[in-house]
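Trainee: Sequence:
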Amino acid sequence: MPLTSATGHGRAHDREILRLAIPAFGALVAEPLFLLTDSVIVGRLPDPALGALGVASAALSALVGLCVFLAYATTAAVARRLGAGDVRQAMRQGMDGLWLAAIIGLAVSVACWPLAPFIVHLFGATGQLAAQAVSYLRISLLGIPGMLLVLAGTGVLRGLQDTRTPLAVSVASFTLNALLNIWFVLGLGWGIAGSAWGTVAAQSLAAAVYLALVVRTARAHGASLLPDLAGVRAAGAAGFALVVRTACLQAVLLVATSLATRMGDDQIGAHTIATRIWTFLAFALDAIAIAGQAITGRALGSGDTAGTRAATRRMVVWGVGCGVAFCAAVLLARPLVPALFDAYGETAAELLAVLWPVALLQPVAGVVFVLDGVLIGAGDQRYLAWAGLWTTLAYLPFAAVAGSLVGLWLALGAWMAARLVTLALRAYGTAWMVTGASRTAA
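Residues in the sequence shown are numbered consecutively from 0, following numbering that gives the first Met the number 0.
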């Protein structure tokens, strides 16, 4: 290929990646920023309201986090059908994702309602803290169906190559959430329950917006709005593999937090700050991965394996570039970070030490996030599930012998390296590049 042609294709890929990734990044960052606002509002209540919010939010995050497949699998399925030129069937699969989200959401709400005290107890909460956490959790469970519908609706729009609308809905819903919390908690004096009701109302309205958008588009293309049991089962089967993948990721992070807690107060304090920095940087890398899901699904649906390969290479370049930039940013900001988080003494010393592996792992994370997104977009969930299991098993021995916080983060580095190897080997081959409107797992 002539240099000018290669350069032109590279610029075209760059424009497409940025068009999808920038709004996706905004939507990803909006949530933690507004959740921080919730913490500030509840923090004005007497103790132990803030602690109860933390416990209940952690439980909800774990429940909803396992259901993120509703967004990922729906994005891949809709994008593949879109690439094949079958928009009607793309919307049919989008509706299947919404029905699956509604079914799972209702099941989780009903099942977890009586288990709320037990769930809170698992986090070590007792007394008044536990009582308030149970109150918040039970009210929030009413919003689980809405939260999962938001995930599925976001996946449909991403599959249609639209990440701007999810950004608008995200910012609007989280702004409403903050305003309602101020009114309910501080204005009406509902306490921590007011914060939960504000979240339920905002998430339910966001779900209604997504339902209206998807239903309107489905009708415009003649897609049925009724559930297709075969389609719902297929969406659930694809989602199960992604649940395994996500559970492996959460297990690694939970093990790391547990081990850091056992090391002492200074270590868990430094680990918490380092994890927050890692998570924030991960949002930017995850935005490229979301672009990868949408672009890969559409390209393979259209049968364009060469375009898929070229787009993957370009996204890897973006992942490495962002990783190098983030590495430099963390190292430059490193001397200032402890003061920014009010960390002093031994906690500051631990944090300064652990920021080295946090920074140096960013280029690796850039490639891992991108390839993970590409394979999700290709519908290669079964491989990702097995890879998740093997890389988690590879991580555990390193974590077990970690005698310090730096050692623990080096174990996380070994886990990231294992993920890099498994994802790169798969991406280098062709087994995942199944073309056409639907995928037969390789």
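Some clues are possibly wrong.
What the hints assert, rightly or not - Beta-carbon label-pair distances, calculated as ranges: (1) L335 - P45: 52 to 58 Å; (2) L395 - L359: 36 to 42 Å; (3) T429 - A192: 23 to 29 Å; (4) R18 - P334: 35 to 41 Å; (5) G263 - F122: 41 to 47 Å; (6) R163 - L224: 21 to 27 Å; (7) T429 - A219: 33 to 39 Å; (8) L187 - H120: 27 to 33 Å; (9) A348 - W389: 33 to 39 Å; (10) V420 - G123: 48 to 54 Å; (11) A11 - T429: 40 to 46 Å.
Calculated from the structure, these hints are not laboratory results.
Yeah, the Cβ is synthetic: ideal placement off N, Cα and C, and Gly gets one too.
Trainee: Against the structure, test the hints numbered earlier, and report the numbers of the ones violated in rising order.
Mentor: 1, 2, 3, 5, 10, 11
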